Amino acid sequence: MKDRKRVLLAPIDPVHDIGLKMVGRSLSEAGHEIILLAPDLPLEEIVQTALDKHVDVVLLSRTVGYGVAELLSRFNDLADAAGLRDQVKIGIGGMAIRPELAQELGFDAGFGPGTTMEESLAFVEGRPYEKDVRLTQKQRPCVAQGHSYEYLNDRIRGLLEVIASRIAAWAEERTSPGVERARVRDELWDMDKWRSGEKMAEFEAAYAPLCEALVRSYYQKGVLHPKTRRFTAEEADSLNTFLTRTALFMNTPRIQHTLEKPIIFNQYGTGCPIMDITHIKVSEAWGADGVVHFDPSWGARTEGLFDGFITHSEDGTVITPDNLFHIHRSLEPSTLWQVRAHRGLNTPETVVLAGKIGAHMTKINFCYGSLGAGTDPERLTVDAYYAMKYAKKYDLPFDVVTNEELCGVPAYKAFAGMLIVAQLARSLGCRPVLQPLFCYSPEVMISKQMEDNYIDFNAAKIIALRSIIDAPIWPGAPIAFLTQTEDRVQSSAATAFHASLSAMLGVDAISIASSDEAYSGGPITVSSKVDTLRAVAEGFRFHGRSKFMPSETATRWAEDIVRGIESVLASVAEKGNFVSALYEGILGSREDGAYPGRAGAHTVSKRST
Amino acid sequence: MSQIWQHVMDALDVETFLACESEEEGKNLALTMMKELGFSDIDVVFCQFQGPGARVRVRAYLYRAGDSYPWLDLEKSTEAKKA
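Protein chains in written order, with this note's numbering: chain A, 1 to 609; chain B, 1 to 83.
These are computed hints drawn from the structure, not numbers from a lab. It should be emphasised that the depicted structure is a prediction, and the values quoted were computed from it without experimental measurement. Built from N, CA and C at the ideal position, the CB exists for glycine as well. A few of these clues could be false.
What the hints assert, rightly or not - Here are the simulated distance ranges between beta carbons:
hint : chain 1 : residue 1 : chain 2 : residue 2 : range
1    : B       : Met9      : A       : Gln145    : 35 to 41 Å
2    : B       : Ser2      : A       : Glu104    : 36 to 42 Å
3    : A       : Ala81     : B       : Ala80     : 52 to 58 Å
4    : A       : Ser571    : B       : Ala19     : 37 to 43 Å
5    : A       : Ser589    : B       : Leu37     : 51 to 57 Å
6    : B       : Thr32     : A       : Lys392    : 50 to 56 Å
7    : B       : Ala19     : A       : Gly67     : 31 to 37 Å
8    : B       : Thr32     : A       : Ala201    : 53 to 59 Å
9    : B       : Ala80     : A       : Val15     : 42 to 48 Å
To be verified - A short list of chain A residues far from chain B (calculated; beta carbon distances all over 10 Å):
hint : residue
10   : Ala38
11   : Pro39
12   : Glu100
13   : Thr115
14   : Ala233
15   : Asn251
16   : Arg254
17   : Gln256
18   : Trp298
19   : Met445
20   : Thr525
Please take these sequences and the hints and turn them into a complete structure.
Here it is, written out as structure tokens:
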């Protein structure tokens, strides 16, 4: 080897520093000669050995913090006095070392915690250190990729095809104010004109009459929703300053260890788009691959969308073109951005707006939205059908969430609904992603499937879905729902365990909460987001590529779930009218805890031909 | 010292996220914050800087090993305080 270096490694601690040994191995593998001294030798002996052995580089390590500056300072004096400083490069490293300390004491380099082997190697070889691009650059992933959407269960496929085709035929003949607003937004709202501040009179004239009075008065009189306020120009300028400064220090590290998946999503929705942006930047900087826009519940029950860069002090951030635009432009290029559209009166329009502004994904499920989120089943079935068509047009894959489980609906019923939505989506050319919950649901609390562990029933859900269809799976939302407490250590650990289980089951993505998930006294903090991201990264590091072996119980429960799904689908098919099946509780009854929503009731009408 | 601190068994940790431009700045800000809160025996336990700022855990020791511990007999400590 041309530039083979002789390197003296000296731990100036009572015990060997494992880091120094790892550096030694890495240098050896790179072809350098290593002399590793025993720990805790007198400093004079280290200096003398360096001279006697004619080394090129000395690397000292120190783990213990007490007296580190004095000790290293004395080593420097001895090295100076012996003439060693002029002949060799001397670097110091270890848990007690910081680069600033090395610089202050006059060493050639200092390697603190987190130093990579490549960094040490570059120092020894006298070349500049180039960061591993894997740590600083990542590509935007795709959740809905690598699956055929082929059915593996013919009976279920047959039932789903019948049910979905009936829904399509029924919805195709109907419309609603939400569908009409979506059409107006799609046809008359121009992103370029909006950005340049050009008035879109034709859009406003067609749009405002389709909105309820509160929203209409915004377009006609400029009056905002009473709970909101508009940001000042100074606040908007300050946001730009913050983003410019943050960009100087921004990295997007990978949170996964050796596996590519699961993709990690983090939900935001503090109520304030500026605070959301800070949460997003922190999530990105700590490894989140995607972020999910969460809107307020009143927004979902209001006919029409406002505009303006506006904020409020409630859970969920108001969907307006301005708010979404500011959030979108703050994202790193590698970040997946999902704008949810699954539960309210603005479902199809939200998909259109998300698509025009640049979202990468959305969320649609009329079963959950109407059984667990307050929207009338008839209205949401029509709206979601057209929302899917727009999702196809704007190339937005979407997940089909099953949060009705949190109301008490058993998993098999929620899954039957999810599969109906997914089949309808497939028939329209969309790319649906199945979203089972990894949660401690009322069903399992009562039936005690999780009395011993949280693994078997969650695993059973994945096994069941995989036996039915080859589709992407994204447990959520978030994983570990109802297992977390207000304690941040418990909450982070619960999240990490569920994330590890997800990875070992080979799912495509997961949504994780912050360690404030169970706290209801106020908005979550940015620190709590870091907590769970760090915990999940540690979980991935812990299990690596190791696999999870499902137990017999998990397999048995998976079979039960599949049988349950079949039975529900058969009942829906027999009923004929899908919306009636929703009202009558076949996909989740009042006894289960699911109540058909009322928002938007009696607003569906026949389309004029 | 305020009586409330007699109940703290050893130390007070403050964890937060500080908007700053480097790990060093984050540490300095954290220590300054603790000094401004009136603590003197302070240290940064953990600091990680990424993008918008630093996640920090900064500590003020109220009682170190070998100190006198007022919480051993809170009644006596309170009486002594009153006297």
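Here's how the hints hold up against the structure:
Taking 35 to 41 Å as the suggested C-beta distance range, the pair B:Met9 and A:Gln145 does not conform, at roughly 53 Å. Checked against the hint of 36 to 42 Å, the C-beta distance between B:Ser2 and A:Glu104 comes to roughly 37 Å, which is consistent with it. Judged by the Cβ atoms, the range 52 to 58 Å given for A:Ala81 and B:Ala80 holds: they are separated by roughly 56 Å. Checked against the hint of 37 to 43 Å, the C-beta distance between A:Ser571 and B:Ala19 comes to roughly 55 Å, which is inconsistent with it.
At about 55 Å, the CB distance of A:Ser589 to B:Leu37 agrees with the hint of 51 to 57 Å. Taking the beta carbon of each, B:Thr32 and A:Lys392 are about 55 Å apart, inside 50 to 56 Å as hinted. About 34 Å separates the C-beta atoms of B:Ala19 and A:Gly67, a value consistent with the hinted range of 31 to 37 Å. Checked against the given bound of 53 to 59 Å, the beta carbons of B:Thr32 and A:Ala201, roughly 55 Å apart, stay inside it.
Taking 42 to 48 Å as the suggested C-beta distance range, the pair B:Ala80 and A:Val15 conforms, at roughly 45 Å. Non-interface call for A:Ala38 relative to chain B: holds, since the shortest CB-CB distance, roughly 31 Å, exceeds 10 Å. In this structure A:Pro39 is separated from chain B by more than 10 Å, as the shortest Cβ-Cβ distance comes to about 26 Å. Distance check on A:Glu100: its Cβ comes as close as 7 Å (rounded) to a Cβ of chain B, failing to clear the 10 Å threshold; non-interface status is violated.
With a least beta-carbon separation of about 14 Å from chain B, A:Thr115 lies farther than 10 Å from that chain, consistent with its non-interface assignment. Taking the minimum C-beta to C-beta distance to chain B, about 21 Å, the non-interface status of A:Ala233 holds against the 10 Å cut. Non-interface call for A:Asn251 relative to chain B: violated, since the shortest CB-CB distance, roughly 6 Å, does not exceed 10 Å. Non-interface call for A:Arg254 relative to chain B: holds, since the shortest CB-CB distance, roughly 13 Å, exceeds 10 Å.
Look at A:Gln256: its CB is around 17 Å from the nearest CB on chain B, clear of 10 Å, so calling it non-interface holds up. For A:Trp298, the non-interface assignment is confirmed: its Cβ lies about 29 Å from the closest Cβ of chain B, beyond the 10 Å cut-off. At roughly 32 Å from the closest C-beta of chain B, the C-beta of A:Met445 stays outside 10 Å, upholding its exclusion from the interface. Non-interface call for A:Thr525 relative to chain B: violated, since the shortest CB-CB distance, roughly 7 Å, does not exceed 10 Å.
Of the hints listed earlier, those the structure fails to meet are numbers 1, 4, 12, 15 and 20, in rising order.
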